[in-house]
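Trainee: Chain residues, written in single-letter form:
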Amino acid sequence: MAKTDIGPPDFREMLPEVIKKNYGKWKYHEIVKPGVLKHVSETGDVLYTVRAGSPRLVSVDFIRDICDIADKYCDGHLRFTSRYNIEFMTPDKNKVEPLIEEVGKLGLPVGGTGKCITNVVHTQGWIHCHSAATDASAVVKAIMDELYDHFTSMKLPAQLRISLACCINMCGAVHCSDLAVVGVHTKPPKVDHEHLHALCEIPTTIASCPTGAIRRHSDKEIKSVKVREDLCMYCGNCFTVCPAMPLADPEGDGVAIYAGGKVSNARKPPMFSRLIVPYLPNNPPRWPEVVSTLKKIIGVYAEHAQEDERMGEWIQRVGWETFFRLTDIPFTEQHIDDFTHAVETYRTTTQFRW
Amino acid sequence: MAKTDIGPPDFREMLPEVIKKNYGKWKYHEIVKPGVLKHVSETGDVLYTVRAGSPRLVSVDFIRDICDIADKYCDGHLRFTSRYNIEFMTPDKNKVEPLIEEVGKLGLPVGGTGKCITNVVHTQGWIHCHSAATDASAVVKAIMDELYDHFTSMKLPAQLRISLACCINMCGAVHCSDLAVVGVHTKPPKVDHEHLHALCEIPTTIASCPTGAIRRHSDKEIKSVKVREDLCMYCGNCFTVCPAMPLADPEGDGVAIYAGGKVSNARKPPMFSRLIVPYLPNNPPRWPEVVSTLKKIIGVYAEHAQEDERMGEWIQRVGWETFFRLTDIPFTEQHIDDFTHAVETYRTTTQFRW
Amino acid sequence: MGKETPMADELEKGPWPSFIKEIKRAAEKHPSANDLLKVVERSYKDKVTHWKHGGIVGVTGYGGGVIGRYSDVPEEFPSVAAFHTFRVNHPSGWFYTTKKLRQICDVWEKYGSGLTNFHGSTGDIILLGSPTENLQPCFDALSGIGFDLGGSGSVLRTPTGCVGPARCEWSCIDTLNVIYDLTMEFQDELHRPRWPYKFKIKASGCPNDCVAAIARADFTIIGTWRDSLRIDQDAVREYAEGGLNVEKLVVGKCPTGALEWDEKARELKLKPQDCVRCMHCINKMPKAVRPGLDHGATILIGGKAPILKGANLSWVLIPFIKLEPPYTEIKDLLLKIWDWWDEHGRTRERVAELIQRLGLKTFLRAVGIKPVPQMVNQPRANPYVFF
Amino acid sequence: MGKETPMADELEKGPWPSFIKEIKRAAEKHPSANDLLKVVERSYKDKVTHWKHGGIVGVTGYGGGVIGRYSDVPEEFPSVAAFHTFRVNHPSGWFYTTKKLRQICDVWEKYGSGLTNFHGSTGDIILLGSPTENLQPCFDALSGIGFDLGGSGSVLRTPTGCVGPARCEWSCIDTLNVIYDLTMEFQDELHRPRWPYKFKIKASGCPNDCVAAIARADFTIIGTWRDSLRIDQDAVREYAEGGLNVEKLVVGKCPTGALEWDEKARELKLKPQDCVRCMHCINKMPKAVRPGLDHGATILIGGKAPILKGANLSWVLIPFIKLEPPYTEIKDLLLKIWDWWDEHGRTRERVAELIQRLGLKTFLRAVGIKPVPQMVNQPRANPYVFF
Ligand code: SRM
Ligand code: SRM
Ligand code: SRM
Ligand code: SRM
Ligand code: SF4
Ligand code: SF4
Ligand code: SF4
Ligand code: SF4
Ligand code: SF4
Ligand code: SF4
Ligand code: SF4
Ligand code: SF4
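Residue numbers (the working numbering), protein chains in the order written: chain S, 1 to 354; chain G, 1 to 354; chain H, 1 to 387; chain F, 1 to 387.
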């Protein structure tokens with residue numbers, strides 16, 4: 001029998017020598033060029049990092065490929081970032097350019113640093129999740145193909161982080177991203193009356209609904225539940241606890257776009273992303289409506305924001321009314337909050353722009 | 001029988017000649033000195049206004065006294081402000097000083113303009129209201145005796161508006177004042193089981209409670225209600241609909257102090273006042289704890305705020321933690337919101353001062 | 001008398017004008033004022049109110065306008081055993097002729113305690129303390145001199161407005177007239193309760209909001225302008241030369257950075273699309289900066305005190321509307337709001353609470369107003385969207 | 001194969017590295033990867049997922065770490081009829097030796113689809129797709145090479161931290177070590193579900209928060225400092241001379257106005273008491289401005305995604321705490337939090353939702369923490385105060 005509870009490998013065994021030596025002693029860094037960081041230690045030591053994009057969903061052969069590079073240039077060490085990028089590190093300046101070249105040969109872009117669009121945090125989608133209202137990897141691929149140049153350059157007002165979640169469970173920090181793409185259902189669950197009582201606990205199912213839309217079936221003979229469709233906002237929480245309440249629907253499913261979130265405490269405190277496009281259809285394999293909407297928004301942002309101004313900081317400065325005007329996105333009932341703390345979003349001042 | 005629904009007198013009949021002539025044509029104004037405004041019209045006409053403090057609760061003889069002055073200097077016209085001050089208006093510069101002198105003879109202060117403490121908006125208190133957890137007029141008198149010089153001068157960073165409500169019904173714009181004094185009960189209602197069923201509808205009484213603290217009496221024989229004391233926050237709403245649930249209590253009643261509200265849209269949007277002192281005892285006739293607390297806060301504000309910075313703007317700039325530190329007011333559990341939108345007040349950033 | 005009320009007497013001292021002195025003045029002629037003084041003294045001693053829940057009292061034909069009040073120790077203070085107050089509607093802007101004021105004084109000397117509030121915090125003249133039997137004759141006399149009652153109970157409360165065009169250079173609307181007009185139009189709504197709860201209307205001529213409408217009115221009218229503010233550069237320079245630090249105190253405090261002070265040209269530059277009409281630069285330099293000329297009002301909904309679901313500042317409902325007599329659009333809107341509220345509201349549910357309960361969307365549909373971004377500070381963050 | 005999956009094939013085009021290419025690479029050796037490609041193609045056509053609710057699958061001794069997954073069209077795609085994923089815990093900071101990585105590759109080549117996520121969005125290595133019968137042997141092999149499972153279900157989820165002191169000059173805490181230490185300490189909590197719902201811990205070395213802890217962790221650790229930040233004036237001048245507009249881009253963007261640029265002395269002045277440690281000036285001039293030296297952490301609580309009561313950003317719980325091994329205070333606090341949550345929480349109720357339901361006050365009392373103003377942006381506005 002295998003040993004249990006051994007935990008992950010000790011990170012200390014994974015660190016390159018130069019890091020072990022300079023652990024906690026780094027003094028400053030520079031971005032040498034897109035995708036290349038230079039960290040300088042108080043000891044005088046220097047470390048170059050080359051950051052490369054990754055599709056995240058990769059084969060073991062892919063991992064072996066990058067291991068080959070790390071063996072060749074980085075003494076057999078590498079790391080991944082919190083956004084799936086691959087980081088190759090070396091103290092040797094001369095290795096940087098050859099390293100970049102080899103990364104290029106694998107078809108991987110070097111970039112993702114500074115005022116760029118870095119990798120897209122995303123989720124499983126139709127690859128693996130039963131909850132998905134849209135795909136993840138394909139949408140991300142379509143987006144990054146189009147925004148590729150922004151990964152390898154640093155010409156935006158500030159770094160722009162895009163995230164994608166394939167349903168409103170929002171795996172990832174999607175609710176606080178500069179731009180977030182979120183899979184949404186727009187039709188209530190179709191109750192499978194035949195199997196429900198076998199698969200689900202009825203009281204748990206009823207309790208799962210945040211809006212109280214689920215009730216016991218009125219016909220006492222039928223051991224199932226009913227959904228009051230006017231109260232359902234398609235959150236899928238009932239489906240999570242009860243498989244007999246699927247929401248997926250080829251026509252109803254699609255994506256929503258949120259904007260202006262951030263996580264860092266730099267300048268403005270962290271903020272949530274906010275709804276800007278309530279619904280765009282699923283249009284595989286390249287989701288053109290989604291891609292063009294993002295491009296449009298990024299263009300307007302790039303044109304209007306000040307230096308170092310994150311998407312949300314810019315919108316806060318110019319006002320959401322200006323955002324909707326400049327992007328030509330229609331403002332609808334759906335944009336107005338009607339959940340628990342809705343009133344806190346209503347405008348209680350005569351200060352606004354026309 | 002008297003005529004009904006005639007409405008108030010037409011304001012046009014109440015306006016002085018110079019105002020009729022320059023109605024809507026005013027061009028600019030100056031504050032000549034504390035309590036004296038000069039408005040200049042596009043027609044070239046000029047209007048001087050002398051503003052005098054009033055205790056608001058006045059006898060008809062008081063009204064006759066000020067009418068005498070208005071007859072003598074203002075062609076028989078006068079007005080009151082939205083904060084109970086009296087305004088004497090005249091186009092004749094030469095009348096201003098004599099007018100001020102006569103106002104002084106009545107014992108009324110001239111002031112309430114610009115960067116002062118103007119009159120205190122307040123309510124009935126023990127003079128007339130059954131809900132009062134404190135008095136109104138006496139507390140105001142005690143406060144203004146102490147802050148008198150601030151009414152007649154203009155040396156604060158910005159105008160400071162104090163309001164007082166004798167219970168949390170908050171008659172007046174107390175919830176949005178620079179400083180607000182609010183009468184509070186701190187003991188649950190004492191149910192008068194004997195009279196309740198005669199005086200009150202039980203379902204209405206139960207429904208009146210925002211926290212659901214009121215239940216039908218467990219003893220079916222007793223046609224009354226019970227209060228779950230741990231759920232009661234002494235709002236008095238049950239008492240408003242049911243006289244058999246009085247909350248007044250000599251020991252429990254007192255006042256709370258709120259700070260930092262504003263109404264105008266100038267610079268920062270309107271904001272609510274926020275709890276700074278949860279409870280001070282009723283200490284008639286001069287409420288020394290209340291007066292000294294207000295004085296302390298005003299002193300700290302005057303010392304630290306920038307020019308034109310309202311109390312709430314200053315606190316927003318320096319942070320509530322700084323406010324509590326500078327004023328030496330203890331921060332307690334009571335300060336932390338636990339009502340409906342409480343979470344919206346929790347700090348979701350590492351940005352704060354020590 | 002002095003010895004009986006030592007605590008009240010203490011409140012005659014000090015520089016601020018004393019309400020106790022006023023009560024004593026009235027007490028010379030009115031036994032009820034004399035008893036009131038003693039009631040107050042007793043409250044100072046007992047630290048509780050000595051007034052009981054008011055019963056329903058009033059005058060013929062009206063459902064409100066009088067606040068009933070009884071003593072809880074009537075034996076001790078018989079002249080205030082019943083001590084009701086009148087809410088008397090005021091002329092817009094609280095302007096009076098001395099003649100009118102003296103008439104009120106005479107009526108109240110005859111029928112009441114001789115004590116008043118000028119004014120109540122809604123804006124009425126409060127005539128403080130009348131026995132039940134005097135209510136009708138007193139009302140008759142008030143009506144005779146051209147006054148009428150204000151609101152109380154579940155009615156339209158006395159609408160109020162700031163001094164506006166009568167004496168303020170910034171008023172973008174005729175606050176006095178719109179308030180008077182609405183008051184006259186809705187006399188029935190003011191006097192006969194038929195709604196779930198109270199409803200308040202207030203109008204301020206500009207965003208300084210000198211009647212605190214945004215905090216206290218269910219229906220808030222605030223004057224504004226749609227074009228660019230007017231700047232007189234010579235006058236700006238005068239302020240600057242007079243010692244005003246334009247850079248720091250005007251430009252530096254503009255909430256949106258819409259202003260720039262060109263130190264060389266000594267000119268104040270404005271990006272009009274960034275001005276959110278906060279009034280600050282105007283307030284600081286009234287001779288140099290003035291509101292624009294395309295006047296109208298922003299309509300906001302739902303301001304109120306904390307009872308029951310918590311306090312609200314009014315929410316933007318209509319960013320801009322022209323406001324000209326006979327104010328038909330405003331009146332139609334009010335009627336639509338009242339209809340909807342009347343139909344769906346629970347007892348003691350202010351219109352804002354009903355909107356919170358049923359949703360702003362439902363409300364907007366009911367009154368036929370399209371959503372615009374100006375209604376919100378920000379769109380929703382949660383994904384719980386209905387389609 | 002190409003002709004069968006035209007839509008998937010389309011996704012091989014374009015400059016961004018293609019996941020379809022990766023699936024095809026794996027498909028060369030793994031029939032399950034081949035079937036996965038077809039499942040995905042079918043989803044592109046049908047516009048719905050073809051995965052069913054996962055049943056309970058796992059490995060001996062563990063209550064989580066494996067996500068069960070079944071196809072809803074198993075006849076059509078038999079090699080992915082069961083297609084479960086492993087969550088494999090990562091070394092702190094996602095540092096690897098190629099040796100370790102190759103070992104994982106070999107194991108997964110043998111037992112799984114050959115497809116992975118490096119990494120999952122919590123931070124685990126995701127081994128994507130194994131038949132039920134391979135779960136135990138695969139786990140045994142992983143354990144053999146020194147790897148263990150991460151969290152899934154109602155357990156402590158895999159804690160993660162930013163790169164921290166390993167490669168970042170700003171880290172005020174040893175993120176890698178605290179994460180590793182807590183992970184090792186709480187192996188039981190990680191592997192055996194017994195709580196109401198999931199619980200996440202993340203640590204960032206400074207307020208830039210490069211693991212998005214504040215948004216995604218129930219227990220958020222963010223490095224900070226208590227003294228003044230360090231300024232090297234020569235280096236500031238260098239930035240200024242290099243063309244950085246210090247006044248506009250550094251001073252002008254400080255959220256509290258704590259900085260001043262003395263143009264004459266060419267010095268950056270700081271009012272230390274006004275610095276809220278937002279990192280901006282440090283971020284802009286890493287050579288010139290550095291965090292202070294009195295290091296510690298701010299602890300925040302309750303970050304989470306929208307399900308069920310809405311999303312939360314973590315709330316400040318402890319403004320400053322020293323963070324040194326063996327992290328006893330942190331561990332004690334975690335145990336207190338879990339005890340309280342475990343006792344009072346409902347099924348699927350995150351700790352933040354429980355705090356919302358029972359009140360922050362109750363929570364603070366339970367874990368023995370005193371209220372401080374840093375916990376709130378502002379005190380309550382409503383008067384509904386309990387005594
Ligand atoms: C490698 C990584 C940490 C890790 O453990 O993996 C990292 C590393 C660095 N971050 Fe970060 N950040 C990383 C994710 C993040 C995240 C989380 C995320 O993106 O999901 C955030 C918060 C995002 C947000 O606010 O929404 C983040 C907010 C920052 C900031 C603050 C940016 C801002 O102005 O808001 C800085 C400072 C800066 O960029 O000037 C920063 C700065 C840095 C520095 C310069 C720190 C240093 O001195 O080494 C590192 C290189 C920056 C660069 O790429 O330009 N890092 N950084 C992560 C790289 C992700 C990637 O591949 O793109
Ligand atoms: C694999 C992963 C997405 C990915 O592709 O990266 C994932 C996948 C799932 N998540 Fe997640 N979550 C993943 C990270 C997250 C994160 C991000 C994080 O941990 O930093 C979040 C947001 C943070 C949070 O926890 O609040 C997240 C919030 C959720 C939620 C909503 C929880 C909430 O309280 O709001 C659910 C719903 C649930 O638990 O029932 C959820 C449920 C699920 C389930 C188990 C689906 C379900 O309803 O049972 C998904 C399984 C998919 C599959 O078939 O493989 N997943 N999930 C991530 C875990 C990988 C890893 O271990 O590294
Ligand atoms: C007379 C009165 C209106 C009325 O119809 O009765 C009035 C009259 C004027 N107000 Fe006011 N305001 C009056 C109550 C208010 C209120 C309401 C209140 O106090 O309850 C407010 C909102 C208060 C708040 O925000 O909490 C108010 C906010 C302002 C402001 C914005 C101040 C700010 O910076 O926030 C200005 C502009 C200024 O003072 O520079 C202003 C300016 C003015 C000007 C200068 C307007 C003008 O050009 O004539 C008037 C004389 C100002 C002075 O007294 O210094 N008025 N003003 C009210 C006098 C009350 C009193 O007796 O003290
Ligand atoms: C007389 C006056 C206070 C004063 O001394 O100035 C007053 C006095 C009373 N108010 Fe008020 N309110 C007065 C203006 C206000 C205001 C200010 C305003 O209108 O601008 C407010 C806050 C604004 C608002 O309406 O939200 C106000 C909010 C309340 C409330 C809480 C309403 C809410 O929805 O939150 C109550 C409780 C209730 O209605 O049951 C209340 C109830 C009362 C009652 C009727 C007591 C009761 O529970 O039945 C008081 C009668 C006292 C008495 O015996 O004379 N009064 N009340 C004000 C009316 C005078 C006038 O007509 O000019
Ligand atoms: S976001 Fe939703 S659909 Fe996507 S992986 Fe998470 S739970 Fe599954
Ligand atoms: S999808 Fe959400 S809102 Fe609709 S019934 Fe299910 S749990 Fe309720
Ligand atoms: S604030 Fe309360 S006690 Fe005072 S007058 Fe209004 S209702 Fe009465
Ligand atoms: S005072 Fe308020 S909280 Fe207490 S029982 Fe009465 S209505 Fe409920
Ligand atoms: S609200 Fe505006 S228009 Fe009305 S008095 Fe105040 S400053 Fe003048
Ligand atoms: S009115 Fe306010 S927002 Fe407009 S320019 Fe002046 S200060 Fe700025
Ligand atoms: S969170 Fe701070 S310490 Fe950690 S990597 Fe980011 S910048 Fe460095
Ligand atoms: S860290 Fe942020 S708050 Fe502190 S001085 Fe620098 S910019 Fe200002």
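Since the hints were made in silico from the structure, they are not lab data. Check before you lean on any hint, since a few could be wrong.
Result set (BS3-like, lysine-lysine): computed pairs, CA atoms no more than 27 angstroms apart in a straight line [as the list claims (entries may be wrong)]:
hint: 1; chain 1: H; residue 1: K361; chain 2: G; residue 2: K93
hint: 2; chain 1: H; residue 1: K264; chain 2: H; residue 2: K287
hint: 3; chain 1: G; residue 1: K25; chain 2: G; residue 2: K95
hint: 4; chain 1: H; residue 1: K361; chain 2: S; residue 2: K226
hint: 5; chain 1: G; residue 1: K155; chain 2: H; residue 2: K248
hint: 6; chain 1: H; residue 1: K38; chain 2: G; residue 2: K3
hint: 7; chain 1: G; residue 1: K38; chain 2: H; residue 2: K21
hint: 8; chain 1: S; residue 1: K38; chain 2: S; residue 2: K155
hint: 9; chain 1: G; residue 1: K155; chain 2: G; residue 2: K190
hint: 10; chain 1: G; residue 1: K38; chain 2: G; residue 2: K3
hint: 11; chain 1: S; residue 1: K3; chain 2: F; residue 2: K110
hint: 12; chain 1: H; residue 1: K284; chain 2: F; residue 2: K3
hint: 13; chain 1: H; residue 1: K361; chain 2: H; residue 2: K198
hint: 14; chain 1: S; residue 1: K33; chain 2: S; residue 2: K3
hint: 15; chain 1: H; residue 1: K21; chain 2: G; residue 2: K105
hint: 16; chain 1: F; residue 1: K309; chain 2: S; residue 2: K268
hint: 17; chain 1: H; residue 1: K52; chain 2: H; residue 2: K24
hint: 18; chain 1: F; residue 1: K13; chain 2: S; residue 2: K105
hint: 19; chain 1: F; residue 1: K370; chain 2: G; residue 2: K296
hint: 20; chain 1: G; residue 1: K3; chain 2: G; residue 2: K21
hint: 21; chain 1: F; residue 1: K29; chain 2: F; residue 2: K3
hint: 22; chain 1: H; residue 1: K38; chain 2: H; residue 2: K13
hint: 23; chain 1: G; residue 1: K33; chain 2: H; residue 2: K264
hint: 24; chain 1: G; residue 1: K72; chain 2: H; residue 2: K287
hint: 25; chain 1: S; residue 1: K93; chain 2: S; residue 2: K33
hint: 26; chain 1: S; residue 1: K72; chain 2: S; residue 2: K21
hint: 27; chain 1: H; residue 1: K248; chain 2: G; residue 2: K21
Trainee: Where does the structure disagree with the numbered hints, that is, which hint numbers, in rising order?
Mentor: Violated: hints 1, 6, 7, 9, 10, 12, 14, 20, 23, 24 and 27.
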